[in-house]
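Undergrad: Going down the list, the protein sequences come from chains R and B.
Numbering follows the numbering used here, in which position 26 of the first sequence is assigned residue number 27; successive positions increment by one, without gaps.
Numbering follows the numbering used here, in which position 292 of the second sequence is assigned residue number 293; successive positions increment by one, without gaps.
If you are wondering where the hints come from, they were derived from the structure by calculation, not from laboratory data.
Hints may contain errors.
As the list claims (entries may be wrong) - Below 20 Å or equal to it, Euclidean Cα-Cα: the simulated DMTMM-like pairs (lysine to aspartate or glutamate) are:
no., chain 1, residue 1, chain 2, residue 2
1, B, Lys234, R, Asp278
2, R, Lys234, B, Asp278
3, B, Lys300, B, Glu224
4, R, Lys267, B, Asp278
5, R, Lys267, B, Asp281
Claimed, not checked - Using C-beta positions, here's what the derived DEER-type ranges look like:
no., chain 1, residue 1, chain 2, residue 2, range
6, R, Gln289, B, Ala113, 51 to 57 Å
7, B, Arg82, R, Gly141, 51 to 57 Å
8, B, Thr252, R, Gln65, 36 to 42 Å
9, B, Ile66, R, Asp278, 51 to 57 Å
In this text, all values refer to a predicted model and were calculated from it rather than measured experimentally.
Glycine included, every Cβ here is placed at the ideal spot set by N, Cα and C.
Number of protein chains: 2
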Amino acid sequence: MPAKINRQMVIAGIPQDRLEVSHYAMSEAPVSELGENQTLVRTLLISMDPVSRTRITGAPGGLQIGDVMPSSGIGQVVASRHPDFTEGQIVECQTGWQDYSVHGPEALSTFARLGPLTHHLSLYGVSGLTGYFGMAEAGGPNPGETVLVSAAGGAVGHIAGQVAKIRGARVVGIVSSQEKADWLTGTLGYDAAIDRRAGPLSGAIKQACPDGVDLYFDNVGGEMLETALTRMKDHGRIVICGYASQYDTQTPATATRGVPSVVLYKRLRIDGYVVMDYYDQKQTARGQLAAWLEADKLKLSIDLLEGLERAPEGFVGLFNGENRGKRMIQVAEEE
Amino acid sequence: MPAKINRQMVIAGIPQDRLEVSHYAMSEAPVSELGENQTLVRTLLISMDPVSRTRITGAPGGLQIGDVMPSSGIGQVVASRHPDFTEGQIVECQTGWQDYSVHGPEALSTFARLGPLTHHLSLYGVSGLTGYFGMAEAGGPNPGETVLVSAAGGAVGHIAGQVAKIRGARVVGIVSSQEKADWLTGTLGYDAAIDRRAGPLSGAIKQACPDGVDLYFDNVGGEMLETALTRMKDHGRIVICGYASQYDTQTPATATRGVPSVVLYKRLRIDGYVVMDYYDQKQTARGQLAAWLEADKLKLSIDLLEGLERAPEGFVGLFNGENRGKRMIQVAEEE
Numbered sequence: 002m003p004a005k006i007n008r009q010m011v012i013a014g015i016p017q018d019r020l021e022v023s024h025y026a027m028s029e030a031p032v033s034e035l036g037e038n039q040t041l042v043r044t045l046l047i048s049m050d051p052v053s054r055t056r057i058t059g060a061p062g063g064l065q066i067g068d069v070m071p072s073s074g075i076g077q078v079v080a081s082r083h084p085d086f087t088e089g090q091i092v093e094c095q096t097g098w099q100d101y102s103v104h105g106p107e108a109l110s111t112f113a114r115l116g117p118l119t120h121h122l123s124l125y126g127v128s129g130l131t132g133y134f135g136m137a138e139a140g141g142p143n144p145g146e147t148v149l150v151s152a153a154g155g156a157v158g159h160i161a162g163q164v165a166k167i168r169g170a171r172v173v174g175i176v177s178s179q180e181k182a183d184w185l186t187g188t189l190g191y192d193a194a195i196d197r198r199a200g201p202l203s204g205a206i207k208q209a210c211p212d213g214v215d216l217y218f219d220n221v222g223g224e225m226l227e228t229a230l231t232r233m234k235d236h237g238r239i240v241i242c243g244y245a246s247q248y249d250t251q252t253p254a255t256a257t258r259g260v261p262s263v264v265l266y267k268r269l270r271i272d273g274y275v276v277m278d279y280y281d282q283k284q285t286a287r288g289q290l291a292a293w294l295e296a297d298k299l300k301l302s303i304d305l306l307e308g309l310e311r312a313p314e315g316f317v318g319l320f321n322g323e324n325r326g327k328r329m330i331q332v333a334e335e336e
Numbered sequence: 002m003p004a005k006i007n008r009q010m011v012i013a014g015i016p017q018d019r020l021e022v023s024h025y026a027m028s029e030a031p032v033s034e035l036g037e038n039q040t041l042v043r044t045l046l047i048s049m050d051p052v053s054r055t056r057i058t059g060a061p062g063g064l065q066i067g068d069v070m071p072s073s074g075i076g077q078v079v080a081s082r083h084p085d086f087t088e089g090q091i092v093e094c095q096t097g098w099q100d101y102s103v104h105g106p107e108a109l110s111t112f113a114r115l116g117p118l119t120h121h122l123s124l125y126g127v128s129g130l131t132g133y134f135g136m137a138e139a140g141g142p143n144p145g146e147t148v149l150v151s152a153a154g155g156a157v158g159h160i161a162g163q164v165a166k167i168r169g170a171r172v173v174g175i176v177s178s179q180e181k182a183d184w185l186t187g188t189l190g191y192d193a194a195i196d197r198r199a200g201p202l203s204g205a206i207k208q209a210c211p212d213g214v215d216l217y218f219d220n221v222g223g224e225m226l227e228t229a230l231t232r233m234k235d236h237g238r239i240v241i242c243g244y245a246s247q248y249d250t251q252t253p254a255t256a257t258r259g260v261p262s263v264v265l266y267k268r269l270r271i272d273g274y275v276v277m278d279y280y281d282q283k284q285t286a287r288g289q290l291a292a293w294l295e296a297d298k299l300k301l302s303i304d305l306l307e308g309l310e311r312a313p314e315g316f317v318g319l320f321n322g323e324n325r326g327k328r329m330i331q332v333a334e335e336e
């Protein structure tokens, strides 16, 4: 029997500035033989995570030309030499952008199904839990507070904003088009939305949050964070969840104006937040999210592209604000 | 009877870069007649507050050439046309750098004496309360934690560090000379001290805090804050109390490197802190500080210069790290 062919999307070039589709190329390799205790996984879904962009700088220790693009994902066991895994089983793992990957048992995790696999790579996965814990726990909005969310139509943001709304806050989202702004207010229940490309951001935030911002949930960093600082109420809180504005560049802005001066005179609180710190409560969170989804209090948006070959365009598009909700690539169907 | 002469230290020039003694000049003016409800106060003690430097930029709304240098202080009532104030009474007010000042009743406050007047302009005044609340309440050190204090020999810092020590923390101070470092460890009870001029700060913090910093109490900002960020433990806390490194310049650094990136990956918490937010508890705090002072658990350092004419050198010296504890100017003796 001939070895299976593994299509792999590899790094073909290191960007000088912004990432482009041409920085990737498809290559093929035979699927490697399983070593002792190893499991072969066929990729079903690939997660598109903006922060992965920061590994493509050409720096030592980062990704180099020829490397398979890394990614988390969901796959199905094809063969296993470890007793815990059997053919057909669904697993989460670092699939990478390829058809097949081989893993030791420590690199595979199973999960209790709560819905379609796409839900597990979004709402019940890292991005959904990040939005949930980041808002419900790290942010802790109080009823009546004004909550501002950046990248509010993204995988994390669209969940975070809805959680704040469920908790009784007035929620304002910042997005990259009027169309997405309309989606936030029309479908997701945001109280107001700002198209960041429509004009100066400071004035737009002031108009949408005339009394200032109590809680800013930031996925973007850079000038957006700097502008938001000036629109916070005294004693306002900022949750730093990401800084996507600085991912797609070889020259990231490494400093934030207004720190410490504005932080001091407004008595702001800034919290760096990483979802893993809350993982001991993830089953409870998944149950809560499932209940809200069931009751239609929460809407989940999945932005699915079909085919491994579309991974580069799907990924590059994240940095142009193309996605609505969680973007992922369907590589194969569950069998 | 001839009008009293009021010596006034006025702004004589706007610095291009660092403030110098030559940017001040003494002038004289007659003491003005009291209007209805006004009180004439003779200045006894002038507080030297680094942040006042930020008003001498030449910017509209700031201090201009010829203006009396503003300052809080303690004085004694000479005459009053308001029933609440009588000759000989001790008051706190914005004396400015001058022999006499005239105030409405809302601008004067009296206080219950707990010791010498110098204690009231230091330990029981803004700087002492800032160190106390900033550490005890905003910082909240836990026993065994490593607490780092910048400007640790200053008016605020020398109190903050001792409060952390009383609360059971391991306390490390950053100062501007080996002599002050020895004073911190030899007299104030700090566990370790760093002379910031002796070599690279990052390595020195690493040596003094080998397991990282739990709580950083920052009075300095700029590169010191940036360096401290990289030495924090995961989940460490930073209290922003001031940013004195950026006061004595016409070109302050307005941004901090490592925000948001280091804040995110270390899950840091940054709190802007202003003492006035705790003023409803100030009598309790003064009682606690008095008890610690009485029990010799806390040492107060006052850096007193005699004579209004020495105010410029005293103030400029703050930015060279000359002072040990709270610097103030004795303009006249209580009568």
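Undergrad: Hint compliance check: list the failing hint numbers for this structure, sorted ascending.
TA: 3
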